[in-house]
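A.B. asks: Model the full structure from these sequences, guided by the hints.
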Amino acid sequence: PFMILGEMRGPDAGLGDAIFLTAFSVPFLLAGLLVQFLGLGSILGAFRSTIDPGSIPRKLPPGPDGISITEHPDSGYLGDYLRQSEAINGRDWFRKRDSAHRLYYYAQNEGGSPGWSLDDRDDSGSKDWFNGGWFPYDGFELPMGRKQWNVDDGQWVFIQELESFASKEGYEEYLESIRGKPSPVAKVTQEKEWWK
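The letter at position 7 of the sequence shown is residue 7 when you use our numbering, and the numbering goes up by one with no holes.
No lab work stands behind these hints: they were computed from the structure.
Hints are not guaranteed to be accurate.
[Stated by the list, open to error] Listed next, the in silico SDA-like pairs over lysine to any residue satisfying Cα-Cα at most 20 Å (straight line): (1) LYS147 - ILE43; (2) LYS147 - LEU78; (3) LYS147 - PHE135; (4) LYS147 - GLY66; (5) LYS147 - TYR137; (6) LYS147 - PHE158; (7) LYS147 - PRO73; (8) LYS147 - ASP74; (9) LYS147 - ASP80; (10) LYS147 - PRO64; (11) LYS147 - VAL35; (12) LYS147 - PRO114; (13) LYS147 - GLU161; (14) LYS147 - LEU162; (15) LYS147 - SER85.
C.D. replies: Dropping the structure here:
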């Protein structure tokens, strides 16, 4: 409206008045554009949904069947962890037998930094939870070996690959006993029962 006002004053208005009114109107034009973009952004944001960490395709072939944590400041995290069949955030994740303890990759779903998390709560991998510590890492591989994690002021955590299921005594006989079962889910569940 201020630009129009300068034109309405007619040819008698000086060049200085026209420049002043034009410069005076620029902040109002920019404020109007900002409000429009903010409104459009909030409308588009309402249509976006959060990404399900389980829907992200696996980035690598499945890793080891199991891992073992042999050094951790909290003894509750020590023990054997089994690789789960589905991926979380495109990577393998591992759950401790008979426990909610888990090792999974966190992909910045709620902010923070990407990396491997150890936690004792049930989650799909979307939360930035790390009661057992976290290891900042953007690569695909598991953080194997003895590494300094962000847990209890930089304590050390040691993760190693478990020996394969196939090398466990009695595993082949166990597989023979469950062959022919109709459901592959039942087979995986039964294999996990054997491992306990």
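A.B. asks: Give me the numbers of the hints this structure contradicts, sorted from smallest to largest.
C.D. replies: Per hint list: 1, 11, 15 violated.
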